[in-house]
Every structure is written in structure tokens, then in C-alpha cells.
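Undergrad: Listed below, chain by chain, are the residues.
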Amino acid sequence: MSEVMSNTDLDLATLSRREANATLQAAQAGAFRLLGPNGAHALACGLMHPIEVTIEGHAGYYAAGANKEAAVTIRGNAGTGVAENLMSGRVRVTGNASQSAGATGHGGLLVIEGDTAARCGISMKGIDIVVGGSVGHMSAFMGQAGRLVVLGDAGADLGDSIYEAELFVRGRVASLGADCEEKEMTEAARDGLAALLEAAGMDADPAQFRRYGSARRLYHFTIDNADAY
Amino acid sequence: MCGIVGLYLKNTVLAPELGRLTALMLHEMAARGPDSTGFAVYGPPDGMTRLSAVSRTGRTDWDAYARELGRALDIEIAVETLADHALLRFSGDGQAARHWLIAHAPDVSVLSVGEAITLCKGLGDPDEVAQRLGLAQRRGTHAIAHTRMATESAVTTEGSHPFSTGADTCLVHNGSLSNHNRLRARLRRQGETFQTENDSEVAAGYLAWRMREGDSLDEAIAGALRDFDGFYTFAIGTAQGFAVVRDPIACKPAVIAETDEWVAMSSEFRAIARLPGVEHAEIWEPEPARIYAWSHAA
Chain R
1 MSEVMSNTDL DLATLSRREA NATLQAAQAG AFRLLGPNGA HALACGLMHP IEVTIEGHAG
61 YYAAGANKEA AVTIRGNAGT GVAENLMSGR VRVTGNASQS AGATGHGGLL VIEGDTAARC
121 GISMKGIDIV VGGSVGHMSA FMGQAGRLVV LGDAGADLGD SIYEAELFVR GRVASLGADC
181 EEKEMTEAAR DGLAALLEAA GMDADPAQFR RYGSARRLYH FTIDNADAY
Chain C
1 MCGIVGLYLK NTVLAPELGR LTALMLHEMA ARGPDSTGFA VYGPPDGMTR LSAVSRTGRT
61 DWDAYARELG RALDIEIAVE TLADHALLRF SGDGQAARHW LIAHAPDVSV LSVGEAITLC
121 KGLGDPDEVA QRLGLAQRRG THAIAHTRMA TESAVTTEGS HPFSTGADTC LVHNGSLSNH
181 NRLRARLRRQ GETFQTENDS EVAAGYLAWR MREGDSLDEA IAGALRDFDG FYTFAIGTAQ
241 GFAVVRDPIA CKPAVIAETD EWVAMSSEFR AIARLPGVEH AEIWEPEPAR IYAWSHAA
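These protein sequence lines are chains R and C, in that order. In this text, residue positions in the first sequence follow my numbering: the first is 1, and each later residue adds one. In this text, residue positions in the second sequence follow my numbering: the first is 1, and each later residue adds one.
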């Protein structure tokens, strides 16, 4: 983006959430601050252009959902389903995120500096998720594509019923879900992990992670179709 | 979907504000439960037993019931009424008074008994119910409240939360229990009395039964984790404090915030967002099947 506009403040004390979202959705470029979120739902959603948005405080459910190209930072915690169905662009949460972070995301990068609750990356379809802390139970459940990187620990049943998503955990995994198994850390996987950690701004040594993926016993996987994922 | 909130004060600084802050939290949970609203406010015990009750008809002669109950139990009863509610105060056995009213006053639903608890509930939007039943003016040590979107039983005043069956113990619930009919039958055999077909009343009755049998609150909740089939986030009030627990797969949301002054819990952060000092709060989501409790008890 060549032209950088000055920060525009959108204050939810005076604007309705719908007005604030409409302003953001209409913007083609620029940087915005969303003030006074107070846990309101569906903030900075449905953005289709490469704008920057900073939510100054804790966000409620479904923040930054269904976005593409935008870069959203939540300076606080995020409620259920942050960055749900993300298509592209970036979302960063400086605090913790509730359950179902990055659910069904197709692309882009979600970074959570703190912890997430259960079902982080549920049904992920290509999104990359990097979590600085730990993730709750059933994370990456039915993950189809994309990568989930956890610098802390993973709760019970990690990767249950997983398809072709790739999981990396530095800490302890409470248990693996059905059809999820540890995989060899190939050179290509480690290089990809290193690049992803760098993109996420996380200082961590890729050599300390273990890699998990699908044992491919639970669905009709044909190696000839591997390129499709 | 329902909305639940709890606010526990660590000292007396905010005691005069307890009701106002609880009403503020309930307001934010209106969208999670517009059917009905209820709240339990705990104040320091003064040696008297308090019995909260609501009229099912709106035409209950509270003074007449108080006279009959007084004669039956040989006690002096003071009656204070507010809208369709009454607060009876006396020196004596709260459970005996509860059982007498359930047996003899068909137009009355007994909401709570104890030395610290006052409980009110009604149909409608939380702001309207809070206004009608004077929540904002109430002071105390801690409060538990609920906005209901009914799933398991009818939308009635009696079916609203919080539910209390044991002395000074009450419970609010977001979720539903699948085995409440069987549990209710089992608890009836243990001497519990129920006033509704509601699953959450069974949960309150279960805790009351376990604690009457000698369990601590923690032990009673641990039993609930074994015996309840369903999904739930509970906030549980006792004379001394409150506890929060979620089912083992954490189906229903919950967030807790704590400062040096207070502990607050709610279904969503937005109910906590306007509490004084929230910017310094430690905020987290309670883990599945883990009991969190705060108490004024030594």
C-alpha cells in the first residue's frame, strides 16, 4: 500500500457498531482505531480491502471474521470465534482468545500472543494460526488445511478427525485425538515453520517443536489427490 | 442460551453499589436471555432468617399467610412486600417455614431461605425486572443473577433463575441437563421438594442435598460433575461467597475477572466491561470441570 492515511478514530461511545463496521467496510485504504469495544460482538468484520484496524480493548464474539486483505490488531482479549472464516490478511490478538479461534479460516494469518480456549482452529481450511501460549481441548478438530503452531501446551484430543492441516506444538500435548499422530519433522516442514514463526513475530526455535498430522485412517484419502490440499 | 453473572466483593468499599453494578451487568446480558430475569443478593447475616417468596397470582394475602405460618411454627414474622414479592423475616427454622408454605400456600412460590440471601425473579427484560424489584438500590456482599432464554421448561416466574432449595445456597445455569427427571426422582426420595419441572432447580436441589449430607460446597460440586449429564456453566452462591464451574467439555461460555476489590463472572466479557477498575483486572476463562470459588469464610 503506497499511500498511508493518518489514523482515523472510530469511537463506539458515539458510533453504533453497524456505523463503525460500515465505515471500515467502505474504506479502500488507511489505518483506523476502534475505541471503546467493551466486549461488543462482530467488530471489524467483513473487511475486503487492505486497511489496518486496531481495536483498542477487549473484543466480543466473532471479531475480525470473514475478512480478506485487512490487518486487524486487537489490543486485548478476543471472545468466541475471532477471525472466523478468515480469507486472507492478518489478525493479531495481544491477549487471550476464547474458543473456536480461527474457525473454518481459509487463509491469512491469525496470531494470538496469549492462550486460546477450546477448539482453536476447528475445521481450519488453509489459515495459519500461531498461538504464543497454550490452546484448549479439541483444537484443530477436523482441520482440513493450514497450520496451527502452539508455543505452549495443547489440551486433550488435539487434531481429532484431522484431514490435512499441519500441527506444531512446542510444549506438552495432553492427548491426541482420533486419527491424529506425530509426524516426522521434515526439513521442508521445519523451514516452513521457521518462516511462519518469523511472520508471526514469535521468537522460538523451530527445532523445539513436534509435528502432528493425520494418520489418514478415518477418511478416504488417496495419495494421488495430495496436491489438492 | 442464557446469560449469567456473579459479582463478589472482597471488602465493603463497593457494598452500597452491589445492586447497581449487578443491574449494569444484567443489562449487558439482555440479548442472551430476554424471557425472564432473576437475582440473589447476599447481605451480612443479622441473626434473622429471611424467606423470599413470589405470588403466583399477584393477589396473595401475605399477612394472612404470615399469621398462619407464625401460629404453626410459633414464631413472630415481619412481612415486607415489593411488587409481587414478599420477604418474611423471623427467628426460627427457615426450612420448616419453606415446607409449610409449599404445603399450605398454593399461590406462593418460595424462592429462598437463609440468613444472608434475598432472591427475586420475574418475567421480562432485565432492565424492567431490575427496576420493578429495586435491584439497583440493594447493597450487600455478593450477588448472582440470570437472564433466561428458556429451553427445558415453560417461561414462568417460578421457572426463572436463580434456584434455591437449600439454606443460603442458590444457583444460576446456562445450559441444559438431560438426566434431570431421573435425578429429581432420586432427590425426592432423599426428601428434597421441588416447585417446578425445571432442570436447573434439580441442580440446586442436588447441591442442597449433598451439603445437607455433610459435603462442602467443593465436594458437592465434584459430585455434580459426576452425576449431571448435560452441559452447563453454573454460578453458585452461598452465604459466604460464590463458585463457578463448567461442564467437562465447556459447551457454555464463561469469563472471570478479578481485581483487589472484586471477582466478577459472566457469560461474556461485555457484562464485566463497565465495572470500576476493570482495566486492572486479571481476566480468564474458567477451565472445563474445574471448580473456582471465593469465600469470606476464614
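Don't read these hints as lab results, they were simulated from the structure. Be aware that a few hints might be false.
[Said to hold, decoys possible] Each pair of labels, with its calculated beta carbon distance range: (1) R:Ala194 / C:Glu197: 37 to 43 Å; (2) R:Asp203 / C:Ala136: 45 to 51 Å; (3) R:Arg18 / C:Gly58: 52 to 58 Å; (4) C:Arg59 / R:Ala13: 41 to 47 Å; (5) R:Arg33 / C:Asn179: 31 to 37 Å; (6) C:Arg20 / R:Arg18: 50 to 56 Å; (7) C:Gly230 / R:Thr222: 51 to 57 Å; (8) C:Leu82 / R:Ser88: 54 to 60 Å; (9) R:Gln28 / C:Arg290: 45 to 51 Å.
[Claimed, not checked] Covered by chain C, per the in silico footprint, the following chain R stretches (three or more residues, Cβ under 8 Å): (10) 24-31; (11) 70-84.
Positions of the beta carbon are idealized from the N, C-alpha and C atoms, including for glycine.
Undergrad: May I ask you to test the hint 51 to 57 Å on the CB atoms belonging to Gly230 (chain C) and Thr222 (chain R)?
TA: violated (41 Å)
Undergrad: Would you say the C-beta atoms of Arg20 (chain C) and Arg18 (chain R) sit inside 50 to 56 Å of each other?
TA: violated (29 Å)
Undergrad: According to a criterion of three or more residues whose C-beta lies within less than 8 Å of a C-beta of chain C, is the segment 24-31 of chain R covered?
TA: Coverage by chain C is violated here, the residue count being 0 at a Cβ distance below 8 Å.
Undergrad: Tell me if chain C covers the segment 70-84 of chain R under the three-residue, 8 Å CB rule, please?
TA: holds (count 3)
Undergrad: Could you check the hint for me, namely that Ala194 (chain R) and Glu197 (chain C) are 37 to 43 Å apart, CB to CB?
TA: violated (59 Å)
Undergrad: Arg59 (chain C) and Ala13 (chain R), beta-carbon distance inside 41 to 47 Å?
TA: holds (46 Å)
Undergrad: Given the hint of 54 to 60 Å, check if Leu82 (chain C) and Ser88 (chain R) actually sit that far apart at their C-beta atoms.
TA: holds (57 Å)
Undergrad: Can you tell me whether the CB distance of Asp203 (chain R) to Ala136 (chain C) sits inside 45 to 51 Å?
TA: At roughly 49 Å between Cβ atoms, Ala136 (chain C) and Asp203 (chain R) fall inside 45 to 51 Å, so the hint holds.
Undergrad: Please check whether Gln28 (chain R) and Arg290 (chain C) have a Cβ separation lying inside 45 to 51 Å.
TA: About 47 Å separates the Cβ atoms of Gln28 (chain R) and Arg290 (chain C), which means 45 to 51 Å holds.
Undergrad: Does the beta carbon distance between Arg18 (chain R) and Gly58 (chain C) stay inside 52 to 58 Å, or does it fall outside?
TA: Given range 52 to 58 Å: violated, Cβ gap about 40 Å.
Undergrad: Please test the hint of 31 to 37 Å on the beta carbon pair from Arg33 (chain R) and Asn179 (chain C).
TA: Taking Cβ atoms as reference, Arg33 (chain R) and Asn179 (chain C) lie about 50 Å apart, which means the hint is violated.
When each numbered hint is compared with the structure, violations occur for hints 1, 3, 5, 6, 7, 10.
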